[in-house]
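I would like the entire structure built from these sequences, with the hints used as guidance.
In terms of the numbering used here, the sequence shown opens at residue 8 and continues consecutively.
Read the hints as simulated data drawn from the structure, not as lab findings. Be careful, since some hints might not be right.
Each computed EDC-like pair below joins lysine to aspartate or glutamate, with the alpha-carbon atoms no more than 20 Å apart [to be verified]:
#: 1; residue 1: 10; residue 2: 83
#: 2; residue 1: 74; residue 2: 45
#: 3; residue 1: 10; residue 2: 30
#: 4; residue 1: 59; residue 2: 83
#: 5; residue 1: 59; residue 2: 84
#: 6; residue 1: 10; residue 2: 84
#: 7; residue 1: 10; residue 2: 43
#: 8; residue 1: 35; residue 2: 98
#: 9; residue 1: 74; residue 2: 46
#: 10; residue 1: 95; residue 2: 53
#: 11; residue 1: 81; residue 2: 62
#: 12; residue 1: 59; residue 2: 46
#: 13; residue 1: 66; residue 2: 45
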Amino acid sequence: MPKFSLSKQAKSDVLNIARYTLDQFGVKQARSYHNDMDECFMGLSENPKLGKCIDYIRKGYRQYNHKSHIIFYKIEEPGIFIIRVLHKSADVLLHL
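Right under this line is the structure:
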């Protein structure tokens with residue numbers, strides 16, 4: 008069964024996204040966004056080549072746009088390793 012794991016930075020990213028969403032939009036939206044992101048992680052683990060290859064940034068890295076965020080990950084059998092979850096407006100090169 009495919010699976011995913013998160014780096015320490017990705018865990019921190021997800022926590023910060025949850026806090027921001029809770030503060031700005033409330034509990035219902037925070038739960039909904041978190042659940043959607045979790046489903047996206049699982050979907051990527053089942054279909055890891057859905058994300059765009061970004062070897063020009065980091066060898067082996069892929070990216071996948073999810074709503075207002077970009078998920079950066081590597082394929083690692085039997086699933087994926089999520090490196091960062093950054094807002095679309097973030098300076099990617101600075102954070103990877």
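A quick look at each hint next to the structure:
1. For the proposed pair residue 10 and residue 83, the alpha carbon gap of about 9 Å is at most 20 Å, so the pair holds.
2. Distance check on the hinted pair: residue 74 and residue 45 sit about 13 Å apart at the alpha-carbon level, within 20 Å; holds.
3. For the hint pairing residue 10 with residue 30, the CA-to-CA distance comes to about 30 Å; that exceeds 20 Å, so the pair is violated.
4. The suggested pairing of residue 59 with residue 83 holds, with an alpha-carbon distance near 16 Å, which does not exceed 20 Å.
5. With a C-alpha separation of about 18 Å, the suggested pairing of residue 59 with residue 84 holds against the 20 Å cut-off.
6. The straight-line distance between the Cα atoms of residue 10 and residue 84 is roughly 9 Å, inside the 20 Å bound, and the hint therefore holds.
7. Only pairs whose Cα atoms come within 20 Å are accepted, and residue 10 paired with residue 43 is accepted, the gap being roughly 16 Å.
8. With a C-alpha separation of about 29 Å, the suggested pairing of residue 35 with residue 98 is violated against the 20 Å cut-off.
9. About 13 Å separates the Cα atoms of residue 74 and residue 46, which keeps this hinted pair within 20 Å; it holds.
10. With a CA separation close to 24 Å, the supplied pair residue 95 and residue 53 exceeds the 20 Å bound.
11. Only pairs whose Cα atoms come within 20 Å are accepted, and residue 81 paired with residue 62 is accepted, the gap being roughly 11 Å.
12. Only pairs whose Cα atoms come within 20 Å are accepted, and residue 59 paired with residue 46 is accepted, the gap being roughly 18 Å.
13. For a cut-off of 20 Å, the pair hint linking residue 66 to residue 45 is broken: about 25 Å separates their Cα positions.
Violated hints, in rising order: 3, 8, 10 and 13; the structure is consistent with all others.
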